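**Q** Two independent chains are provided; combine them into the complex using the hints.
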Amino acid sequence: MTELSPKFKYEVAQEPGGEGIKLCFACGICTASCPIRAIDEGYNPRRIIRMVLLGMKQRVLSSDFIWFCSSCYACTERCPQGVKFTDVMNAIKNLAVKQGYVPTPFVQQIDILKRFGRLYEIDEFDNKKRAGFGLPKVEKARGFTKKIMEMTELEQIILRKNEK
Amino acid sequence: MKYALYPGCTVLGRGRNYEMAARQVARVLGIEFVDLDDFECCGFPIKSVHYETFMMMGARNIFAAEQKELDICTLCSACTGSLTEVNKHLIEHFDEKTRIVSTLKKNGINYRMGRNIAVKHFAKILYEDVGINEIQKLIRKRLSNLNIAAHYGCHYLKPTDIYKNPEDPENPHTLDELISVTGANSINYSEKLSCCGAGVLAISEDLAYSIARPKFQELSGNSTDAMVLICPFCSVMYDDNQKKIEKKFGEKYNLPVLYYPQLLGLALGIDAKLLGLRMNRVSTRALLEKIGA
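Which chain is which? The protein sequence lines are U and H, in order.
To convert, note that position 98 of the first sequence is 551 in the working numbering; the numbers rise steadily by one, no gaps.
To convert, note that position 120 of the second sequence is 101 in the working numbering; the numbers rise steadily by one, no gaps.
It should be emphasised that the hints constitute simulated quantities derived from the structure, not laboratory data.
Quick caveat, the model's predicted, so the values are computed rather than measured.
A portion of the hints provided could be inaccurate.
Among the chain H residues that face chain U by a calculated CB cut under 8 Å, a handful are [unchecked claim]:
| # | residue |
| --- | --- |
| 1 | Leu(-7) |
| 2 | Glu0 |
| 3 | Thr84 |
| 4 | Tyr92 |
| 5 | Gly95 |
| 6 | Cys135 |
| 7 | Lys139 |
| 8 | Thr141 |
| 9 | Ser175 |
| 10 | Ala183 |
| 11 | Glu186 |
Beta carbons are placed, not taken as given, at the ideal position from N, Cα and C, and that holds for glycine.
The following block holds chain H by itself, in its conformation from the complex (with noise of 0.2 Å):
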């Protein structure tokens, strides 16, 4: 399994923790990651500003892998869905591909029409072309005295229209059965398909608060040890932005939250620290010290 890791900006810039963890539990899962240097932002910021440059920008970085015949691993999940809607458009319109292949060459911006590649986001491919059944041959210490929340995020599962195996966005299964595969027991709970606010984030940090919270007061009230998300933008709000969101509301959460690699990781017997795990924003230490790592 060999694939162009595509970092995106907020995992470089703010989620070195989870970039440690991926590159760790694929190493031990027999997952190669190949890094291009001519992957730039996938687009996702422009999309709502100018919907031509968006489609560009996120062409250029599939062409980009295309030229390696590579398939795109993403973490975060705004990238995932702006690579794979650009890529399904670029897949059913050649005349589009042709179009934006000769307009970026006419202008310096030299790739050669290659073969359809993939996009596909970290997680996915643990769940399908890993598999729960291989990761479970490599466990190597049970989580099984963790309480566990799952975040999906909405960009992982929506539009169901641009993604190949589609889950049910109001029902879905592969976060919950890959937090299963560690022992840990994955919680049900009433906000788990919550938004997380980001997409509102640069407009208004008020709203996007508001809208991170009820989460926080599910969970922050029953036994869960910590949330498990994959994407950076999530993480940003619940993990970087938890003591800002406590302090608006006067409330207190002080709850972990965990990349899934990072969880993984601990699961397949890798060291803590080697799997970010100091960096994240709210406190680990007390769910390390739980299960003995």
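Chain U on its own, in the form it takes in the complex (with noise of 0.2 Å):
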């Protein structure tokens, strides 16, 4: 827990998003701004910036609270030096799933839209109250977001949690 690893604002900084974190002077405009903060203070964007840029990367990466972002970018508009922290999160939460640590929902979604290749599936029933209702039918989905996801390998990237 305590093991350092210096490199980590590096790896952050690598991913797509990222790159702002080196730019933090830390005065806390994000943390003051976050409506998550204002619930649940176990959730401090200021504070994931300095924990990233000491290097705790097994205990960012592993924790909880890098889920609890609602991306409604108040800290990004706010943000006087630019570092753009809703992206920011994304890319701590890209390297957490590279590591294994993928919260359930997001499975959960995945292996929806890989199905219906969206969040609901639209079957036959749905369409007969659409048309009764004037709308157009809606059909099934061509298994696009499938093959996508077979492509970038995104099940063997999620699954990594299960070999742990």
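**A** See the structure below:
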């Protein structure tokens, strides 16, 4: 737990959206603007940035709180340094996934998306209802989403969780 | 005005009333929607898990619209944000666009390199492309006795650097103006710009409900007739889950939540039933009686 990885900040910076992390001067406007922080003090953007800069890799990536960001972009808009913390959080979460930390709801969503191409299945019953309301038929998804997930080997990436 | 209508997942799954009202309003305003059968999820749910998959999912939807040379009209603000971000990336990085087109092709998904298109939320199309003045001319029933609380949501406004004509996210005006043109009074209130909390609903219901609560607390105590919003995710929080939030906190809100096209549709003289107003979770009956609809 206490082992530090001094290069962690560079790993974050190399992920898409993560490059802003090095610009932080710790003013804390992100934390002051955060609606999640207002409810749950366990989630604190400024603290997460400090932990990354200090190299607390395992503690950050294995934590539950990194998944609490609502992606409202309040921090991103107000940051005087252009850190784009919402994007930095996505970079951190992408790294956590590569380490095998994927919350169950995401695994379930990916499964649904693979099967139906959308988060909801639109079946014959739905289409009958839609017709009754004058809405056009929704064709079954043609498997593009599934194909893309196979191309990027998403399943292999998230299944690493089970190997641990 | 012709757009490829991008319904997204949540509108198809839980926002039939939104889709009905949007199509009705579009018809009256002379906006033509084209339905493409190769649209799938925009990629938003995957962004935090795997960025490359998110990028490919978004890009493929954009390519689908490019083949038809149509701009995309979105109804969901999360789809708007995702597709706008990906589209901006493709427009600014021609090499990336080429790479994704050829990677898809190698895997049997064939799209030719197309002319760049734009992604626009329906409310922005109403405001910028139709225009307040044109809408004004078509108003048949002024809703002047209604007090409406505009809920902008987050992704319609932010992040500002992906949008072509961003508004000040601390002081937006488009939805207020769109409400005012119906004759209704768009009220000022302190929780106006709050996040609905839907972004964390899958991770923690308790947290999501706590984030949605302050808006209800403020609006149920004043003379607001309804909240009006433009995103199916926000509607899941404020309309679908309102009863659950009331129960969790032992409070009573009873606040009707309408999609903006439903409000506009009423002012355009469209029948409430055709606008799906019977499908809203919190009853809209008292509101409809008040305006004599």
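**Q** Of the numbered hints stated previously, which ones are contradicted by the structure, given in increasing order?
**A** Of the numbered hints given earlier, those the structure breaks are 4, 5, 11, listed in rising order.
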